[in-house]
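Protein chains in written order, with my numbering: chain D, 1 to 297; chain X, 1 to 297.
If you're looking for bench data, these hints aren't it; they were derived computationally from the structure.
Note that the structure is predicted; figures quoted are calculated from it, not measured.
Ideal placement from N, C-alpha and C gives every residue a C-beta, glycine not left out.
Keep in mind that the hints are not guaranteed to be accurate.
DSSO-like cross-link-like pairs, simulated, lysine-lysine; straight-line CA separation at most 30 Å [stated by the list, open to error]:
1) Lys47(X) with Lys105(D)
2) Lys15(D) with Lys15(X)
3) Lys47(X) with Lys15(X)
Label pairs and their in silico Cβ distance ranges [as the list claims (entries may be wrong)]:
4) His23(X) with Glu175(D): 38 to 44 Å
5) Thr256(X) with Gly108(D): 56 to 62 Å
6) Arg98(D) with Glu43(X): 37 to 43 Å
7) Lys5(D) with Arg22(X): 34 to 40 Å
2 protein chains.
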Amino acid sequence: MKPKKLNIFAAEYKKLLEHELRHLIEKLNAPAILKESMMYSLEAGGKRIRPLLLFAALDAFGVNPRNGLLAACAIEMVHTYSLIHDDLPSMDNDDLRRGKPTNHKVFGDAIATLAGDALLTYSFEVMSSIPNEIASPEMKLKLVLEMAKAAGSEGMVGGQVADMEGEGKSLNLEELEYIHIHKTGKLLEFSILAGAILARADQKQLDCLSSFAYHLGLAFQIQDDILDLIGNQQLIGKPVGSDTVNLKSTYPKLLTLEGAKDALEHQIEQAKIQLQKSGLSTNLLLEITDLIASRDR
Amino acid sequence: MKPKKLNIFAAEYKKLLEHELRHLIEKLNAPAILKESMMYSLEAGGKRIRPLLLFAALDAFGVNPRNGLLAACAIEMVHTYSLIHDDLPSMDNDDLRRGKPTNHKVFGDAIATLAGDALLTYSFEVMSSIPNEIASPEMKLKLVLEMAKAAGSEGMVGGQVADMEGEGKSLNLEELEYIHIHKTGKLLEFSILAGAILARADQKQLDCLSSFAYHLGLAFQIQDDILDLIGNQQLIGKPVGSDTVNLKSTYPKLLTLEGAKDALEHQIEQAKIQLQKSGLSTNLLLEITDLIASRDR
């Protein structure tokens, strides 16, 4: 079989994902304003990198990526709820996200808070509703458990708290990595892990893919920091240098720009070694890795 | 075996519950401030009516109520998160709950929001971590699914949105019941359902207990409205007549005080009929029902 090209694969599954997300919200028997608010942020788009990682992981095992559709929707709901709550006035107080007014600017703080709560709750319903032909009860339970761990106080929420606590302080590399590994890394890692669970991976494959996701997550964050310093303002959608203005601890600040570039290269290399070790058909995951290393937005 | 008295049963399981909740938070590897904030509201106390219903439901099947300990913790986490978010300035903006400063008054709005998020997320982790000796994977999956439904946009969160939307409007009985059935009823109902699932109830027993919980939830709410009108201010902990001042739609306002008392009696009667129909040893659930009908706080 001819290896699939990432851009064709990504476009196909992004469309499927967005169609399914809409369907999942539409079928809810809930107040209209709540459904609108949930849908507004789910539709705000973005790179859909977490679902893409899940689909690509399934492809690496030779499993039909469609089997991951509900799990991908659940993960995107968790990601979306976290953005809605992060944008609230009591948190980052952001008025715009990807050029559109944030959820609370459109629906008010109360509905935005509740839409986030509803999306988080729904993600667990969706995950536990995967048909038995696709995943056994044991597999679904593992998906629920690992998603909760990745999203909760020992994962994403913990990272968000550490990020807030670290504001205005000068962090060391260990503290900076704690934040990134938790705030963004854990859910990225779970996206890959979810694919591996659905593909009935063995322990060695699980370990390789977890480690791959860990390095990929750090690479993603280092590149983010580099782009903030030397990126194209129009492409990244925020003023270049905003981290410096906001006194944010970043990789270039701790390691110099050259040091940060070296660290990025090191993480990408480690990620690729893990893919190699897994023994899977990882051409799509490899392409995603290269894309992250070289992305300009 | 001599039937247990409710007050002894309740005291014993309240203690077990609170001990387990503390243990579950302490073991988390998460930022200290987040754990403190989660624990602060979990410890704020209250009647623990949801866990009590779950324990009493297990007792009705002759199953050791201890088997419901983790499920009860999960439900109490969901209830607690909903109180933290409801109290936020963007929602009800309450400074006090049960005589103690609300979570955001102590920890700030951002940490309070995140502590709520973390509790909700953790509830699913706790529910899916029940040992296999107590519940099969299928049973745990059913618990996760039903808890998500009870707590989400088709349950508690949907009821909260409807409640906010109805503020200052004069609602009819159907609209008032929609709010109560969803905002408080669904999670009360799930507490009983969780006991029934853990006790491997058959469909007839499930139906009777669901119906019992539905009527019990409405009775609870009608008595709440009556107490607001004619209760003892010191016992109920808020000024008598505050619903009238706040232009809230209530049962006495829609039905007159006498009509509300009749409606209460009707719901209690219906609840008891369902208990009878279930054929279970429901003396504790009966006592709880009488307690709710006659409570003065």
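Comparing the hints with the structure gives:
Pair hint lysine 47(X) plus lysine 105(D) does not hold up; C-alpha atoms about 37 Å apart against a cutoff of 30 Å. Pair hint lysine 15(D) plus lysine 15(X) does not hold up; C-alpha atoms about 51 Å apart against a cutoff of 30 Å. Distance hint between lysine 47(X) and lysine 15(X) is fulfilled; the C-alpha atoms sit about 12 Å from each other, no more than 30 Å. Between histidine 23(X) and glutamate 175(D) the C-beta distance comes to about 28 Å, which lies outside the given range of 38 to 44 Å.
At about 35 Å, the beta-carbon gap between threonine 256(X) and glycine 108(D) misses the expected band of 56 to 62 Å. Distance hint for arginine 98(D) and glutamate 43(X): a CB-CB separation of about 40 Å, consistent with the stated range 37 to 43 Å. At about 54 Å, the CB distance of lysine 5(D) to arginine 22(X) disagrees with the hint of 34 to 40 Å.
Hints 1, 2, 4, 5, 7, counting from the list given before, are not met by this structure.
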